Amino acid sequence: MALLALLLGLLIAYPQIRDTVRYYPKSVRAKTGYAEKVEAGSLSPFRILLGLATPRVHDKTAGVYYPEATCYLGVIGLLFALSYQGWLWWVVATTFLLTMGKRTPIWKVIHPLCLRIPARFIYFLGVTLSIMSVHSLSTVYSQPIHMVSSHTLLPLELLNEKPTTVLMLLTILQAWDLLQNSSLVPMHPFTQMWQRPSQAYESPVTSYLKSCHLLQESTHRVIGLPYPNSTGQVQHIRTQGYNGGAAPTELTHILGGSQTYFWQDSRMLDWYGVKWAYTYRRLEPPKWKQTEVPHLYENTQVYNTPHEL
Amino acid sequence: MWVLGLILFHLVFWKRLYMNPFHFFTGEAAAHEFPSSRLLGECLREGKPIKDPYFYHAYTANPINASYYPPHRLQAWIGSYLSLDRAWVVYQGTLMAHYLGSSLVAYYLFGGGLVGFFGAITLTYMAYNIKQNASIIYTVSWMPVILLGGELKSCYLLALGWGMALLGGYWPLALYMGGFGWLFWHFS
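Chains A and B supply the protein sequences, listed in that same order.
Residue numbers for the first sequence follow the numbering used here, beginning at 1 and rising by one.
Residue numbers for the second sequence follow the numbering used here, beginning at 1 and rising by one.
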């Protein structure tokens, strides 16, 4: 019956699965091997434990806060979880090892079944520990206080109170502790300051491009639109296109890499219809002509009928 | 009383957002996810196929766009009739509703009362779940339903939970959540 339920789940998600499976062979993701999958996010046991025991994880990627390694579920929650006795410890052990990525040989065997960034398994570690903490709390809750010391790492027997009162206090402490997680987003100082959307999407660059009739009807593109207009979807401006982790392989060849900031000035850009480029690099004439908007250049050699992916 | 406590905790946890709905208009949410949602809404409003000539060459193929996730489609469609600022409020409201709804299901999953409250806040507000990315929030919000399906041996709940988690779009987690439900079905 459980398998039938999972098949039904796949059926519910059929439209998404259909579209993704059709596209997958064309994306750079299809060629991702073991090395790429474990390149980022193979956490050391110390980092995992640190992430569990401290409200802000200290692991960093290139000096920036790394949200994939966060799993803090409160000190009280963690202590209750550690008091758990049962089969869920097997799940903890498994998810812990999977989170370590290339630091254990497991990923070498199972990587065809996994997506990239092993650190993401820390989510399942957190879920399992949460369930374990509830089981332990439930056990304590149903027994007199003098009986519970063998069930929990918390020194509850020292408190000469009814379990309900003690556990109520612990729950309040847990709630207070978890409130610290609310500071995880936005990821200041690693992100922009907030704005109103109505103001944020208006800029001299977008106004200029719209005045050049670079609208939906146009087949030309702009590369490097600055935040928050990177996708052009709000202002209806055609951009270089999605060039992230699941980008079309063909596009990465055109742009010379799998991230937008890797784009290289080449005839490929002309062929692809990149008529404008917004960049802090200095682009040279006669091919690139500076527009009236600072850092925005116009490509004089762009194809009139560009290639479509 | 505990349900009211959960609602109160939710409000306190996200107080910065409730005091200023634009507080989270930063990063990927502002640069990728909200614009994508805006485009989806426009397509739905005009009854056109979901095509994106501006950025995604295969919009619906990328699960993180949650193109087929019903609550996301609904908020995108409603938002398409509104100004950018109001559409953002609807977008954020949908994400917040997921946190609150997920905590209420978790409360029921853990048997209600004090234990249910403790479990609900721990499972819903643990650090990994606190994100700005819509697809992650959509996906992890269905975990309590999956666990409940496993616990109650309910074929429909497990199917609904996993199916919606997949439609929610964060496949690095969603793909394995079904296995988690299967484990709880057999061992809980």
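Simulated from the structure, these hints should not be mistaken for lab results.
Quick caveat: nothing in here was measured; it's all calculated off a predicted structure.
Incorrect hints may appear among the rest.
[As the list claims (entries may be wrong)] Subject to a maximum C-alpha distance of 30 Å in a straight line, what follows is the list of computed DSBU-like cross-link-like pairs (lysine-lysine):
1) Lys31(A) x Lys102(A)
2) Lys102(A) x Lys37(A)
3) Lys31(A) x Lys108(A)
4) Lys26(A) x Lys48(B)
5) Lys210(A) x Lys131(B)
6) Lys153(B) x Lys31(A)
7) Lys48(B) x Lys210(A)
8) Lys210(A) x Lys289(A)
9) Lys131(B) x Lys102(A)
10) Lys31(A) x Lys51(B)
11) Lys37(A) x Lys131(B)
12) Lys26(A) x Lys37(A)
With a cut-off of 30 Å on the C-alpha distance, tell me whether lysine 210(A) and lysine 131(B) pass.
-> Distance ~33 Å between lysine 210(A) and lysine 131(B) Cα, so the pair is violated.
Has the given pair, lysine 102(A) with lysine 37(A), been kept, meaning a C-alpha gap of at most 30 Å?
-> Holds, at roughly 9 Å.
Sort out whether lysine 37(A) lies within 30 Å of lysine 26(A), counting only the CA atoms.
-> Status holds; Cα separation ~18 Å.
Restraint status (C-alpha distance of lysine 31(A) to lysine 102(A) at most 30 Å) = Within the cut-off at roughly 19 Å; holds.
Take a quick look at whether lysine 37(A) and lysine 131(B) sit within 30 Å of each other, Cα to Cα.
-> Given that 30 Å is the threshold and the Cα spacing comes to 22 Å, the pair holds.
Within a Cα-Cα threshold of 30 Å, do lysine 31(A) and lysine 108(A) meet the stated pairing?
-> holds (16 Å)
Hint consistency between lysine 210(A) and lysine 289(A) [alpha-carbon to alpha-carbon, up to 30 Å] = holds (18 Å)
Sort out whether lysine 51(B) lies within 30 Å of lysine 31(A), counting only the CA atoms.
-> holds (25 Å)
Does the alpha-carbon distance linking lysine 26(A) and lysine 48(B) stay inside the 30 Å limit?
-> Holds. Lysine 26(A) to lysine 48(B) sits at ~25 Å (cutoff 30 Å).
Would you check the hint for lysine 153(B) and lysine 31(A), treating anything up to 30 Å between C-alpha atoms as holding?
-> Distance ~38 Å between lysine 153(B) and lysine 31(A) Cα, so the pair is violated.
Please work out if lysine 131(B) and lysine 102(A) have their alpha carbons no farther apart than 30 Å.
-> Within the cut-off at roughly 26 Å; holds.
For the pair supplied as a hint, lysine 48(B) and lysine 210(A), confirm whether the alpha-carbon distance does not exceed 30 Å.
-> holds (23 Å)
Checked against the numbered hints above, the structure violates hints 5, 6; every other hint is satisfied.
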